[in-house]
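Novice: In this note's numbering, the protein residues as written are 37 to 273.
Among the hints, erroneous ones may be present.
[To be verified] Cut-off 25 Å, straight-line C-alpha distance, at most; resulting in silico cross-link-like pairs (DMTMM-like, lysine to aspartate or glutamate):
(1) K162 / D151
(2) K162 / D134
(3) K170 / D109
Don't read these hints as lab results, they were simulated from the structure.
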Amino acid sequence: MSPRTAKTEAELREIAALGAQELGWDASAEEVIAFAARHLEVREIAVACSMADAVLPHLVAQQLPGVDVLFLDTGYHFTETRSTRDEVARKLPVTVVDVLPELTVAQQDERYGKDLFARDAAACCKLRKMDPLKRALSGYGAWFTGVRRDEAPTRGNTPLVAFDETHGLLKFNPVAAWSFDELIGYAAGHQVPVNLLLAHGYPSIGCEPCTRPVAEGEDPRAGRWAGLSKTECGIHI
37 MSPRTAKTEA ELREIAALGA QELGWDASAE EVIAFAARHL EVREIAVACS MADAVLPHLV
97 AQQLPGVDVL FLDTGYHFTE TRSTRDEVAR KLPVTVVDVL PELTVAQQDE RYGKDLFARD
157 AAACCKLRKM DPLKRALSGY GAWFTGVRRD EAPTRGNTPL VAFDETHGLL KFNPVAAWSF
217 DELIGYAAGH QVPVNLLLAH GYPSIGCEPC TRPVAEGEDP RAGRWAGLSK TECGIHI
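Could you build all of it, start to finish, from the sequences and the hints given here?
Specialist: See below:
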């Protein structure tokens, strides 16, 4: 059990199984969130947001106002990403929680050498994203992600709900079946904050040193860790 939920792992697994049965493969995002709202309290739920856009926080807050939105503040973000984070905190009925690594960038440089991301991207992601997120999620019973099946082959089988074995809680992926165009259409139709980089060739936005624009026709995540075989930080695989 965690500080925010009294549900046991067995109870969370039961909810995951029930959700998979009720929601199937292609329930709407609103139906996924409604299912979560029936089985969990808002204090038990976290929303992970990279601040590429605020579609997921907006969707969840419609039914679960005041929900915590976790922003992994790696210390390497684009200025546009930080501006989107501030806009989300200002405009949406959510609580933005900055999730920080144990080491600042300067401390990491001192301990592991400057620009670890250029020498060992996986180690840098672990220190600045995966480990901080795992610590942050330990206080919740469920989390929502914006993972979409069309983003990359590694995400093609993403379910709408499952028990997250890595973090020991429920994982909801309400926009898994959406396309990038549907995401942008929703943002425009609901005046949701969007990272300005999306309009400049960045369909997937990570840390500034490890993200480049994507050419037309390329995989949407081709701009992440360009030149490396790496396409995932490790959080969702």
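Novice: Below or equal to 25 Å on CA atoms is what counts here, so check K162 against D151.
Specialist: At roughly 14 Å apart (the allowed maximum being 25 Å), D151 and K162 satisfy the hint.
Novice: K162 and D134: Cα distance at most 25 Å?
Specialist: Within the cut-off at roughly 17 Å; holds.
Novice: Does D109 sit within 25 Å of K170, going by the straight-line distance between their CA atoms?
Specialist: Satisfied, since the Cα-Cα distance of roughly 14 Å is no more than 25 Å.
Of the numbered hints given earlier, the model fails none.
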